[in-house]
Amino acid sequence: MTQTLPMAGAAAPTNTAGLTRKDYQGSPSTLCQGCGHNSIASQIVAACYEMNLVPEKILKFSGIGCSSKSPTYFLNRSFGFNGLHGRMPSVATGALFADASMHGIGVSGDGDTASIGMGQFKHVVRRNVDMVYIVENNGVYGLTKGQFSATAEVGLELKKQGTNQYMPIDICMESIASNATFVARSFAGDPKQVKELLKAAIAHNGIAVLDIISPCVTFNNQDNAYHSYAWGKDHEAPLHELSFIPARDEIMIEDIEPGAELEVELHDGSVVKLKKLGNDYNPTHRWEALKMLEEAQRENQLVTGLIYVEPAKSSFTDTYNLVDMPLNRLTEADLRPAHETIKMVNEMMF
Amino acid sequence: MTQTLPMAGAAAPTNTAGLTRKDYQGSPSTLCQGCGHNSIASQIVAACYEMNLVPEKILKFSGIGCSSKSPTYFLNRSFGFNGLHGRMPSVATGALFADASMHGIGVSGDGDTASIGMGQFKHVVRRNVDMVYIVENNGVYGLTKGQFSATAEVGLELKKQGTNQYMPIDICMESIASNATFVARSFAGDPKQVKELLKAAIAHNGIAVLDIISPCVTFNNQDNAYHSYAWGKDHEAPLHELSFIPARDEIMIEDIEPGAELEVELHDGSVVKLKKLGNDYNPTHRWEALKMLEEAQRENQLVTGLIYVEPAKSSFTDTYNLVDMPLNRLTEADLRPAHETIKMVNEMMF
Amino acid sequence: MNQKIVNEFSITVGTVNGSGSSTANNTILRAIFKMGIPVSGKNLFPSNIQGQPTWYTIRVNKDGFLGRDESQHIVVAINPASFARDLESVAPGGAFFYADDIKQPVTRTDITAYAMPIKQLIRAQAEVPSNLRDLVGNMVYVGILAQMIGIDLEKIHAALDFHFKHREKPTMMNFNTVKAGVDWARANLTKADPFFLEPMNKTDGMIMADGNTAAALGAIYGGVQFAAWYPITPATSLAESLNDYLPILRKREDGKHTYAVVQAEDELAALGMSIGAGWGGLRAMTSTSGPGLSLMTEFAGLAYYAEVPVVIWDVQRIGPSTGLPTRTSQGDLTFTAHIGHGDSHSVILLPGDVFECFEFGWKALDLAERLQTPIFVLSDLDMGMNQWMSKPFEYPNTPMDRGKVLTEKDIEGLKGNWGRYLDKDGDGIPYRTLPGNQHPMSAYFTRGTGHDEYAKYTEEAHIFHRVMERLKLKHETAKEYVPAPIVRETRGAEVGILAFGSTESAVEEARAQLAADGLKSSMMRVRAIPFNKTVEKFIQKYEQVIVVEMNRDGQMHQLLCMDFPALAPKLKSVAFQDGLPASAKWIREGILKFAKPAKSSPKGKKKVAVKKTSAKKGAKK
Amino acid sequence: MNQKIVNEFSITVGTVNGSGSSTANNTILRAIFKMGIPVSGKNLFPSNIQGQPTWYTIRVNKDGFLGRDESQHIVVAINPASFARDLESVAPGGAFFYADDIKQPVTRTDITAYAMPIKQLIRAQAEVPSNLRDLVGNMVYVGILAQMIGIDLEKIHAALDFHFKHREKPTMMNFNTVKAGVDWARANLTKADPFFLEPMNKTDGMIMADGNTAAALGAIYGGVQFAAWYPITPATSLAESLNDYLPILRKREDGKHTYAVVQAEDELAALGMSIGAGWGGLRAMTSTSGPGLSLMTEFAGLAYYAEVPVVIWDVQRIGPSTGLPTRTSQGDLTFTAHIGHGDSHSVILLPGDVFECFEFGWKALDLAERLQTPIFVLSDLDMGMNQWMSKPFEYPNTPMDRGKVLTEKDIEGLKGNWGRYLDKDGDGIPYRTLPGNQHPMSAYFTRGTGHDEYAKYTEEAHIFHRVMERLKLKHETAKEYVPAPIVRETRGAEVGILAFGSTESAVEEARAQLAADGLKSSMMRVRAIPFNKTVEKFIQKYEQVIVVEMNRDGQMHQLLCMDFPALAPKLKSVAFQDGLPASAKWIREGILKFAKPAKSSPKGKKKVAVKKTSAKKGAKK
Ligand SMILES: Cc1ncc(C[n+]2csc(CCOP(=O)(O)OP(=O)(O)O)c2C)c(N)n1
Ligand SMILES: Cc1ncc(C[n+]2csc(CCOP(=O)(O)OP(=O)(O)O)c2C)c(N)n1
Ligand code: SF4
Ligand code: SF4
Ligand SMILES: [Mg+2]
Ligand SMILES: [Mg+2]
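Residue numbers (our numbering), protein chains in the order written: chain A, 1 to 350; chain B, 1001 to 1350; chain C, 2001 to 2621; chain D, 3001 to 3621.
In isolation and in its complexed conformation, chain A is listed as follows (with noise of 0.2 Å):
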């Protein structure tokens, strides 16, 4: 706790914010091994770093979930609010008042968001918060051990909570739906594509939802046989074994061109089909991303790339044209009106 570390600035080594990548990390992750959700903080990291920006300028935010355990996996430089479930957006939407020339960064899950935190998510895309949203999506609550979430996929089965019964919610059909000025999917297990859109999402003025598919290796089984691993060469006796989660190495992917199909495999023998948007695809059309979302439903893909972009609009901060500094820099002299103002206010009174 005493060591000084470098003042942002500082001549040093990287880049030109003079940090080194050291300077971004995080405390040690406790999820479990192989969680995509580990690869996306890596990334997280890598984005910021190549992007010079200064730690101290970002604010980290998230809900509850194994998903929002994640800010403290990078970034411990920044000031970050691990809040309640559901209701990061507007922990978020308060916060990025207090120095608008901050940068956010949320964590979230699609518990966290797609079930409990519908509302505040659809409305904080509305509101247009300038923020980084990411939703580190595996269709299960991981925390609570594996029950459906709101994007589990239709028809899938897990043992104690039987068949979903319910067509997922689409994150980013969502988010367009609700006017959302940035919108893009990706696979943790391509970190390439995950970092670059990380760096335009932070870039970009205003909310930037980022659909991050990040399978749970220990719940997600599409299996009827949850955790089943089979006993001898036989396989004559499949055990349910609860408490027990083999180490895993995280899913990588190749490189996908632009426009080419990959199906990949995920732990439990289920497949994903990803397909990255062609360099054809225009996303500034909100209506061309709303048909090509709604084509890749009915074809079962997962369509990555940046979807849907609206540059122009001003953040939900910008429309409070609010003074230069900081507005938690401001002193009782900015804040309090003077004293001769309270005659005039008791006289407006009666």
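Hint data in this document are derived by calculation from the structure and do not stem from the laboratory.
We put the CB at the ideal spot given by N, CA and C, even for glycine.
Misleading hints may appear alongside valid ones.
Taking CB as the label site, the calculated pair distances span [claimed, not checked]:
1) B:Ala1338 to D:Arg3488: 32 to 40 Å
2) D:Arg3488 to C:Glu2536: 34 to 42 Å
3) C:Asp2110 to D:Lys3541: 53 to 61 Å
4) C:Glu2536 to D:Lys3541: 22 to 30 Å
5) D:Arg3252 to A:Asn282: 50 to 58 Å
Straight-line alpha carbon distances no greater than 30 Å define the calculated BS3-like cross-link-like pairs of lysine-lysine that follow [unchecked claim]:
6) C:Lys2593 to D:Lys3474
7) D:Lys3541 to C:Lys2593
8) D:Lys3256 to A:Lys145
9) A:Lys291 to B:Lys1275
10) D:Lys3169 to D:Lys3179
11) C:Lys2119 to B:Lys1145
12) C:Lys2165 to C:Lys2391
13) A:Lys313 to B:Lys1273
14) A:Lys313 to B:Lys1291
15) D:Lys3256 to B:Lys1057
16) C:Lys2479 to D:Lys3593
17) D:Lys3251 to A:Lys145
Dock chains B, C and D with the ligands against the given chain A, drawing on the hints supplied.
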């Protein structure tokens, strides 16, 4: 309280349920004269009467707001539950399990649904709960005296509230994004269309969202001078008199032909552009519906009619495969496991 | 005619909501106020927008007792729908003014009835356009009443001039209508009731305001920078007043803003945003009423445990649940004191009048930052939405207290060696840094989960315990900072009375009546929770302390018993709720159940003059 | 070796979560249980999924005291990350078993240390596939321990057979691994610690279960028809047990369902749905923990005021806010008792053990329909998620109480002359009809706004007041229906002890210790709020009543002071919270602060044998 009403099924003059129109009525309205919500209530009475529904087989639900007061103004012989602000969907979802043979009709407002109630709204849609979900959409909070709701037009100015900065939430697009199986839009001043859509909605198995534009004669003034009445011919001194609400007649429109457009001037001089869906429009393509709504948003049109329907799906209660007898008529014999089972249970405990 | 009754009666106007009568009623109120006579106005309005019965009661009282009077001495009946009950509500010997187009019989003989040809008179006013006749027509009863009880016409003009922002045309059109009423009454009515107004000088230097406006203004003088809110009666006008006055009082040359007011999508978000802003170092607040407060429960617990400064105004209405949204109560006390799951206790301010709404408006922001905890301010509908006489608002007499905040320089001085939740000063209050602090060791991570003194995540039992014990110590510290109670001791008092909030005026009136009956009492008005030493000492001093409050369960009594178990047997509860503002009547009767006056009435003290009718609880049936 | 210590010690296994050790630990627990020795198991697990330290403690106690023991007599260390603290945690004279691949020094000489070659032994088990070595490897320490303290191998086999649902292959593979451990230990280790197990017959006829399973089963026997829930630790397994057991226990020939369990989108919706179902006439419930309960606040107020039957299980974890999601507490009591804005008071059941979780599981549904109000059942993590010995569950001994419901025939008989909120019986409980009732006069309109006895909207002050007073009367009536407290009086007791919930076992142990010290006490375990006459009488009887509870603020003490102000001075609070289950140690020490034992120790009573080490609060650092 002691007069005996005719039992359903008893011989009576009018509809095939043996009931008169009076049997469908509610208590006198306490809403403002000319409020669009009142004529929606009348059409609910008319639709149920004409469909020969038995009022005892209908459940009424609402949240909080002027709109949500409506259920007392129709179907006095039906059970009703006026719950909490924004939480009508959950109460209805639970209540409809009590007796799956009953019809659910819910009335909500745009504040009730699209602001505080956004989360529950999206989820009741996603679950395809078998009920009619009416949004009496006026773009303001009527009951709390005229603040913006989330469906207010961007750029709308209201005294004390300033200028609305956000894009309005489109109830129909939101419904379709969340996989609603029946989505329609109408205008309170077009009673014929309202009634026909109500009938279709009631007949639908699953969620039927009806977004009915229902102008608030008292608060939704686009005119910057909130409640301004000209004093004398010269109009020189408009006055803000919040506590005076002049009696006004409800705006009624002539029949629009399918495919035709109509501009309707509201009490405050603002104009809404209505367009009736043409006969060639096919409401069974989700894809076309999204496209149509996106275009209408850009054209600033309110397209009315049946926008989307997916008839084949099973509703929420269907998926639970319930016994035929209404659950709330089951008795101890049906519900309490037999005495001998307790031994087995204890053995299961080790 | 009975003996003249001067400056000591109440007037109720029964009308229809949405009819614009509030301008008329406010005009009467303001004119009487300008005559120097203590006066209050209470609006009893329905929870809808148009067409339902509504009542406005004005009480004049030369002694300054301005709580609700259960007797209606003068009743003005404009609404056919409530005519019968309005007629019934007139106290025996009272006066009844009614619109003569209501074709219902006046069946009582124990009162004086005056028919008013309002429709006819307003039609005769050529300058009033036909679409405004209903609205301006209300001025007719103002004129008739003015003539019959003696409201100064000049003061009426002043009131109208104020209301219409000094625009002559509407002022004169309304004033001329008032005069038409005056003229007609002078020509046609004969005074047969005993009620008269006579000028006094008891309102000199006073203002008239409602608590919500006062609270908003106080917050502005407290430097509020962020407010998020969601509409709800009766709190809406607090946030709307911020929108009204911030642009005036915080205007800058460059046209830029030092504040933001956000209408949130609901109350969860409203408090969430305010917490975000408070955490960010802004003076942040939200305002709501019961249902909204219930929704804020989870976030309130987070702010308590993560130690985030934020101010929450709860303008109480009667509950539980949606209850009666337009009726008053002091019913949220016990809930607020322990809001949220787990061990928690809230700091609560209890303003007693409009002046304190202003004062606590800025003090609450100081306290929030000083104590790093949510500060709840419990007002109520009666205080918040009704017009009250008040001392003029006073400019804050202490500089802003921004609490324990470490800047870049401080952190540098400490060589980064600080802990967000370390109790350096032994008062349970730690130091914080603000986002945007550029020192690389300034950042910390806030969470609602278990954390140690360095804000690091922990599940260690003894650390969790230690942090919770420090929060308890902080609550002790709060006692030194919160507003002390107001104590009014009477020599030889047999009983102590403990009250809080808007019941003050009614309690004082009851005390005066009891004193006249021969029962001497001392009074303490509690202004904050946690209770400090003074509260304990007051209870210790008296054999019985009667806790008076406007709720069903005696919630202040509950909290006192919890905090002072050793003194609990002395504490008696007088609690009543029906949604109407407190009246001296039920307070007096309640107190008499526990404490009997000495046999002989004290020498010379005259009986309080206000006549008691056989008033019922819940006045109107 | 010291003197033998038989059947009176505790074992803690320190491991990594996600490593599958719970099968091993459960096997030990069950085997000991089958040996007839009173035993309990407590899981101290982190709030994440994999890779963090976790501890499992098994306590054996021949006298049946099964609360948490602050001393760890035998510690099994498998996790390198917690090796040092595990080593430190062993009580002097204790035993320390550790995996020999942890290359850390054993620095203590006051204990017996045994190195275990787990990796090596499991590799030698040819039948265990390599991907399962980590999992099955845990059986090695089971075997070593079995050999060293004397766990019956046959019972271990029985436990494995049960766990693996009588499938031979996995049972044998695990059992063979256990035997490999046994064999190795027999050959290589020399017993040097004093701890031994010897068969008893004290568990005959008993079962082992956790409170959440018991609650779910109880609800099923109560005929639950609708449950909506949202996942949250430690309540999740309650709802999941409904999913597990409903299909078995409510199986029908036609394959159709008489129930529905819905995973809601959050807790607001979970309670909203349950209220809808309860209103509709279904036996409806929800289950949650602190944060979820906070979110249910507004709906709870609606159910109270609109009088809707619904059951809310709150499996308490330690708060405020997110707190420590995997640690226990009794901290939601005061909040629950007054949940929601406005005047309200809740009916709360307080099960004391797994048996009562089952019993209150069905009783709560009866009470909800009888009283037409939300019934809160406050369990906690320790009771809900840990395995407890229990009497077998008993089939409900009363028929279902569906409360006051009017059918079509009843309405016909009344000629429709009924009022939903009319108090016909003078007990404050009105009659209701159920949706689907086909009588044209059966319908009524439910609302959270003001309503009269006929469920009509009203803003009348006196009616609102009257309805609220009836609700108060209903709360009085509730006292007759809720489970009475359990009283255990001791002749000549100097002090009364009042406790509730899962602390029972620890309190009884403390009482036994105090009795040995010479302090006689009587005990009352409160099982419900509102408190009935018995509670009052018990407090009256003793000069001092010490209220023992597992929270910071002494919440039961708070509520008792509120309800019995006259008795409040007698009530003393012993409250402690750090997230760990209650231990006899702090209870005993807390009680001794108020009550001193008589000077001389009573004749013949032997000191309780469990050794007291210098245990710290919050055991693990
Ligand atoms: C109000 C509330 N309800 C429930 C919980 C319990 N809870 C913790 S995390 C979680 C789900 C998280 O799911 P998701 O957001 O998808 O994150 P993941 O763990 O899958 O990354 C839940 C329900 C809580 N913390 N707060
Ligand atoms: C929790 C809660 N917050 C706020 C309110 C106050 N409130 C009552 S109605 C309403 C808005 C209603 O607007 P809308 O749903 O559009 O209905 P309208 O009156 O316009 O028909 C609000 C905010 C409330 N009753 N409950
Ligand atoms: S449980 Fe799933 S989501 Fe949670 S940390 Fe493990 S892999 Fe990730
Ligand atoms: S305020 Fe508006 S929405 Fe409410 S009743 Fe009047 S017209 Fe209708
Ligand atoms: Mg998830
Ligand atoms: Mg509206």
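Taking the hints in turn, this is what the structure says about them:
| no. | hint | in the structure |
| --- | --- | --- |
| 1 | B:Ala1338 to D:Arg3488: 32 to 40 Å | 35 Å, holds |
| 2 | D:Arg3488 to C:Glu2536: 34 to 42 Å | 36 Å, holds |
| 3 | C:Asp2110 to D:Lys3541: 53 to 61 Å | 59 Å, holds |
| 4 | C:Glu2536 to D:Lys3541: 22 to 30 Å | 29 Å, holds |
| 5 | D:Arg3252 to A:Asn282: 50 to 58 Å | 57 Å, holds |
| 6 | C:Lys2593 to D:Lys3474 | 24 Å, holds |
| 7 | D:Lys3541 to C:Lys2593 | 29 Å, holds |
| 8 | D:Lys3256 to A:Lys145 | 29 Å, holds |
| 9 | A:Lys291 to B:Lys1275 | 23 Å, holds |
| 10 | D:Lys3169 to D:Lys3179 | 15 Å, holds |
| 11 | C:Lys2119 to B:Lys1145 | 28 Å, holds |
| 12 | C:Lys2165 to C:Lys2391 | 23 Å, holds |
| 13 | A:Lys313 to B:Lys1273 | 26 Å, holds |
| 14 | A:Lys313 to B:Lys1291 | 23 Å, holds |
| 15 | D:Lys3256 to B:Lys1057 | 23 Å, holds |
| 16 | C:Lys2479 to D:Lys3593 | 27 Å, holds |
| 17 | D:Lys3251 to A:Lys145 | 27 Å, holds |
Violated hints are absent here; each numbered hint is respected by the structure.
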